[in-house]
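Going line by line, the protein sequences match chains A and B. The first sequence runs 0 to 82 under numbering that gives the first Met the number 0. The second sequence runs 0 to 314 under numbering that gives the first Met the number 0.
It is possible that part of the hints are untrue.
[Said to hold, decoys possible] Pulled a few chain A residues facing chain B out of the computed Cβ check, cut under 10 Å:
id	residue
1	V10
2	E75
3	A77
4	F80
These are computed hints drawn from the structure, not numbers from a lab. Using N, Cα and C, we set each Cβ at its ideal position, and we do this for glycine too.
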Amino acid sequence: MSEGEIVGRVVRYVVEEIVDDASNVEVEVVDDGEDAVLAEVRTAKKDMGRVIGRRGRVARAIRTVARAAGDEEGLEVAVDFLD
Amino acid sequence: MDREQRLAEVELSRKTVDEAIADGLKELGLSSRDEAEITVVSEGKPGFLGIGREMAVVVLRPKPQQRRRRRRRRRKGGGNGNGNGRSEARSGGKQRQKQGQGQSKSSKPQQTGQSKKQNEDRPKNRGSSGQSNRKPNTRESAAVNKERPEQADIATQAEVACGFLEGLVEAFGLEAEVSSRIEDDILFLDVSGDQSEALVGQRGAVLDSVLELTRTVVQRKTFGAPRMRLDIAGYTERRREALRIYAGKLAEKVKEGGGEIGLEPMNPADRKVVHDAIAEIDGVRSFSEGQDQDRAVVIAPDAASDASEDGDSDE
Numbered sequence: 000m001s002e003g004e005i006v007g008r009v010v011r012y013v014v015e016e017i018v019d020d021a022s023n024v025e026v027e028v029v030d031d032g033e034d035a036v037l038a039e040v041r042t043a044k045k046d047m048g049r050v051i052g053r054r055g056r057v058a059r060a061i062r063t064v065a066r067a068a069g070d071e072e073g074l075e076v077a078v079d080f081l082d
Numbered sequence: 000m001d002r003e004q005r006l007a008e009v010e011l012s013r014k015t016v017d018e019a020i021a022d023g024l025k026e027l028g029l030s031s032r033d034e035a036e037i038t039v040v041s042e043g044k045p046g047f048l049g050i051g052r053e054m055a056v057v058v059l060r061p062k063p064q065q066r067r068r069r070r071r072r073r074r075k076g077g078g079n080g081n082g083n084g085r086s087e088a089r090s091g092g093k094q095r096q097k098q099g100q101g102q103s104k105s106s107k108p109q110q111t112g113q114s115k116k117q118n119e120d121r122p123k124n125r126g127s128s129g130q131s132n133r134k135p136n137t138r139e140s141a142a143v144n145k146e147r148p149e150q151a152d153i154a155t156q157a158e159v160a161c162g163f164l165e166g167l168v169e170a171f172g173l174e175a176e177v178s179s180r181i182e183d184d185i186l187f188l189d190v191s192g193d194q195s196e197a198l199v200g201q202r203g204a205v206l207d208s209v210l211e212l213t214r215t216v217v218q219r220k221t222f223g224a225p226r227m228r229l230d231i232a233g234y235t236e237r238r239r240e241a242l243r244i245y246a247g248k249l250a251e252k253v254k255e256g257g258g259e260i261g262l263e264p265m266n267p268a269d270r271k272v273v274h275d276a277i278a279e280i281d282g283v284r285s286f287s288e289g290q291d292q293d294r295a296v297v298i299a300p301d302a303a304s305d306a307s308e309d310g311d312s313d314e
């Protein structure tokens, strides 16, 4: 299993469930130091607001769930939502 | 709930301004204060032993370089004059239409049963208004008018919620059972199984987030969300019991000390547990203060008349 696989799968799944345009969801999991990964999330422009949510609530929830996914693999996780 | 508001800001209340800013930066994914616009709504007061304490309230939003293209949005208190009406002008900019399909297809978890793309298979709720609400250029007016497309019935919403949770469990690579029941128009969701513990997290933080996401998905796909409760691995039930005991202990303290005690922020369901517990104890009362995720229960002596009894809205 490659590092961050579960993280990538979970983040992608959640984001795709939230957006309108799932085909433009990109989730890239990159190394972020020892036992740490960074998940970079990109969506169609119009969808990013949904992914972030009111007062950043959805983004926060995604981060929390992503960290739980990281725990499954022994990884620290950060999530960036990128334009 | 999490309707179509986009947003690039967070509002936090913490014991101190510094703490709020630090947490806000974290939440926004920023590394330094330079990257955010910070609005201190209230400095807060320390109080004594949590009594008479006022939380510091801070609104942060990333500076335009970090987050362009935000829609304008005014909320009471939160509007710090950024993002003034630029949203329309933006759409002409560079298109972010990367084709990230490679991964997007392959690593998608297999979904069981009903969790296939509900976007496509909810025809009955997709009347004309539902349709138009999703177009970006009409979203704004929809938000202003608060007009809602007709929402799906709760059984459909239950199905969507279960489908989402099953897909999530699978994405985690866990074995767990997802079930739902509807009672008094509340959707009760349950995830159980040995491995489901992974979705609880410290003090239920992951569970709360899973619920938030479930709500968001249901809202998105059925244009409305019922009240929901989620239990994972029996955690919620255990927590309720612990909360009741905790509330009882605090009530004793309030009776002895005479002051108010503010609890940490909780979600509406937990606040309700506390309110219910306090309601059964003579000599104390409870109410909630603060906004959204910072809303917290305060336990006060029954006789006190000064406090802002604000008619608690927790159910």
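Exercise for review: Let me know if the C-beta of A:A77 comes in closer than 10 Å to any C-beta of chain B, holds or violated.
Suggested key: Nearest chain B Cβ about 7 Å off; hint holds.
Check your understanding: Given A:V10 was flagged as interface, is its beta-carbon under 10 Å from a beta-carbon of chain B?
Key -> holds (9 Å)
Exercise for review: Using Cβ atoms only, decide whether A:F80 comes closer than 10 Å to chain B, and label the hint accordingly.
Suggested key: holds (7 Å)
Practice item. Identify whether the interface hint at A:E75 stands, where standing means a beta carbon of chain B within less than 10 Å of its own. Key: violated (13 Å)
Consistency note: the structure conflicts with earlier hint 2 alone.
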